[in-house]
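Undergrad: All the letters of the sequence shown, read from the start, carry residue numbers 308 to 521 under our numbering.
Among the hints, erroneous ones may be present.
When the alpha-carbon atoms are kept at most 30 Å apart in a straight line, the in silico DSS-like pairs for lysine-lysine are as follows [said to hold, decoys possible]:
1) K511 <-> K338
2) K450 <-> K511
3) K511 <-> K380
4) K347 <-> K450
5) K450 <-> K380
6) K511 <-> K352
7) K338 <-> K386
8) K386 <-> K511
9) K313 <-> K386
10) K338 <-> K352
11) K450 <-> K387
12) K352 <-> K450
13) K338 <-> K387
No lab work stands behind these hints: they were computed from the structure.
Fair warning: this is a prediction, and the values are worked out from it, not measured in the lab.
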Amino acid sequence: MSVTGKVLRYLALVWILILSLGTFYLYGNFKTDEGFLLLKQLAIKTGLYLPAFYAHIFGSSLILLIGFAQFSKRVYSNKKLHRFLGRCYVFGVLLFSAPGAYVMTFFIHRGTGVFISFLLQNTLWVLSTITAWRFAVNGQIAKHACMMRRSYALAFAAVTLRLYIYLFTVFGNGVNFQYNYLIIAFLSWVPNLLLVELINYYDKGKVPTIAVKA
């Protein structure tokens, strides 16, 4: 891995740790009148939002850490560990994080464009994760690796979303300015996928070929 690649990898890990550990710190007490939840009091009263919220934020925090570890040579060279973490990732996405995100999407109230963005992102995340898992089961490891990159790029949108919100708030007009949240919504995941497609294109034949059937 090049020096630039290592720097970007470490920066990504820092942001993941900030988001994941910050999530458990802020919401681990399960209080419903703090942080982001202050903006969602009406949604909480429906009884649907809170379980979905906790499933999504805690599930995604663990998934981001697990997924990041899966790209380590030490991890994917350890067949048993890679398979175990892979199953945790897949079940975490399909049973907790993605279902929670679907429910939360219906309570965003940021306009049709933002709704479509998050709905599309979450659906692509589910489909890419299922497809990656099926490739692993069938022993198609090269295709599995490429598809898992896509899945993780969509999971990483949780990190880039908050990064762009921060940047728009500090250097711009914040998220409430007209069209800003719409821009951020698509910016959080579309560039991630485009970058992964470039990586998949240039890494053809370089993906791990060890047998890691699920």
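Undergrad: If a hint holds in the structure, say so; if it does not, say that too.
TA: Taking the hints in turn, this is what the structure says about them:
{"no.": "1", "hint": "K511 <-> K338", "in the structure": "violated, 47 Å"}
{"no.": "2", "hint": "K450 <-> K511", "in the structure": "holds, 10 Å"}
{"no.": "3", "hint": "K511 <-> K380", "in the structure": "holds, 17 Å"}
{"no.": "4", "hint": "K347 <-> K450", "in the structure": "violated, 40 Å"}
{"no.": "5", "hint": "K450 <-> K380", "in the structure": "holds, 17 Å"}
{"no.": "6", "hint": "K511 <-> K352", "in the structure": "violated, 50 Å"}
{"no.": "7", "hint": "K338 <-> K386", "in the structure": "violated, 40 Å"}
{"no.": "8", "hint": "K386 <-> K511", "in the structure": "holds, 22 Å"}
{"no.": "9", "hint": "K313 <-> K386", "in the structure": "holds, 24 Å"}
{"no.": "10", "hint": "K338 <-> K352", "in the structure": "holds, 14 Å"}
{"no.": "11", "hint": "K450 <-> K387", "in the structure": "holds, 20 Å"}
{"no.": "12", "hint": "K352 <-> K450", "in the structure": "violated, 44 Å"}
{"no.": "13", "hint": "K338 <-> K387", "in the structure": "violated, 38 Å"}
Figure legend: structure checked against the earlier numbered hints; hints not met, in rising order: 1, 4, 6, 7, 12 and 13.
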